[in-house]
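Q: Start from the sequences, fold in the hints, and give me the full structure.
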Amino acid sequence: MESIRDEFSLFTNPHDKYVLLVDMANDTAGLAPEHRIDDNKILGCTSQSWIVKEKSGDTFSFRTDSDAMIVKGLLSLIERVFNKRTKEEILTIDGSKFLFSIGLGTVISSQRTNGFSNAIRKIQTELLD
0 MESIRDEFSL FTNPHDKYVL LVDMANDTAG LAPEHRIDDN KILGCTSQSW
50 IVKEKSGDTF SFRTDSDAMI VKGLLSLIER VFNKRTKEEI LTIDGSKFLF
100 SIGLGTVISS QRTNGFSNAI RKIQTELLD
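So that you can map any letter, position 111 of the sequence shown is 110 in numbering that gives the first Met the number 0, and since no number is skipped, the others follow by simple counting.
Check the hints yourself; a few may be wrong.
Derived DEER-like restraints, expressed as beta-carbon distance ranges [to be verified]:
no. : residue 1 : residue 2 : range
1   : 21        : 56        : 27 to 35 angstroms
2   : 57        : 13        : 37 to 45 angstroms
3   : 57        : 15        : 25 to 33 angstroms
4   : 95        : 32        : 28 to 36 angstroms
5   : 104       : 28        : 24 to 32 angstroms
6   : 95        : 53        : 19 to 27 angstroms
Under the rule of at most 25 angstroms between Cα atoms (straight-line distance), these lysine-lysine pairs were calculated in the BS3-like manner [stated by the list, open to error]:
no. : residue 1 : residue 2
7   : 54        : 16
8   : 96        : 86
9   : 52        : 86
Hints were generated in silico from the structure; no laboratory data involved. Since the model is a prediction, treat every value here as computed from it, not as a measurement. Note that beta-carbon positions come from the ideal geometry of N, C-alpha and C, so glycine has one too.
A: Here is the structure:
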């Protein structure tokens, strides 16, 4: 998370931070249509958004996608922080504080912040099942 915080701290203008999120969204592969299903959907997100979980040994990786570029950029942050982490590491991350901890808490709208927290909650809940 520290490297992400450093990236966003380069910008003082919120617009520039949004531009960086869109750039991050453009750099992600997204998901194939067959993975954009209800089971993978993030509930409580204003845009159409999905997360796919994959397990390799003791670690997990996630692929994300959204039909909104800002949200897709935000979800790419989850991939960067959560991928190749153990269940225990992922469960220690506080979704309600994630965006604040990387310097985006006051930049992102409350709707997007709630949707982002729901994405993290979905991941953590699925790991507990």
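Q: I want to verify a distance hint. Is the separation of the beta carbons of residue 57 and residue 13 within 37 to 45 angstroms?
A: holds, 38 angstroms
Q: Taking the Cβ atom of residue 21 and the Cβ atom of residue 56, is their distance within the range 27 to 35 angstroms?
A: holds, 34 angstroms
Q: Take a look at whether the Cβ-Cβ distance between residue 57 and residue 15 falls inside 25 to 33 angstroms.
A: Roughly 38 angstroms apart at Cβ, these two residues miss the hinted range, so it is violated.
Q: Holds or violated: residue 54 and residue 16, Cα atoms, limit 25 angstroms.
A: Roughly 32 angstroms separates the two Cα atoms, so the pair is violated.
Q: Starting from the hint 28 to 36 angstroms, judge whether the C-beta atoms of residue 95 and residue 32 obey it.
A: holds, 32 angstroms
Q: Does the hinted range 19 to 27 angstroms hold for residue 95 and residue 53 at CB?
A: holds, 25 angstroms
Q: Just to be careful, I want the Cα atoms of residue 52 and residue 86 compared with a cutoff of 25 angstroms; is the pair within it?
A: holds, 12 angstroms
Q: Has the hinted range 24 to 32 angstroms been met by the Cβ atoms of residue 104 and residue 28?
A: For residue 104 and residue 28 the Cβ distance comes to about 27 angstroms; the hint holds.
Q: Given the hint that residue 96 pairs with residue 86, does the C-alpha gap stay at or below 25 angstroms?
A: At roughly 19 angstroms apart (the allowed maximum being 25 angstroms), residue 86 and residue 96 satisfy the hint.
Violated hints for the displayed structure, listed by number in ascending order: 3 and 7.
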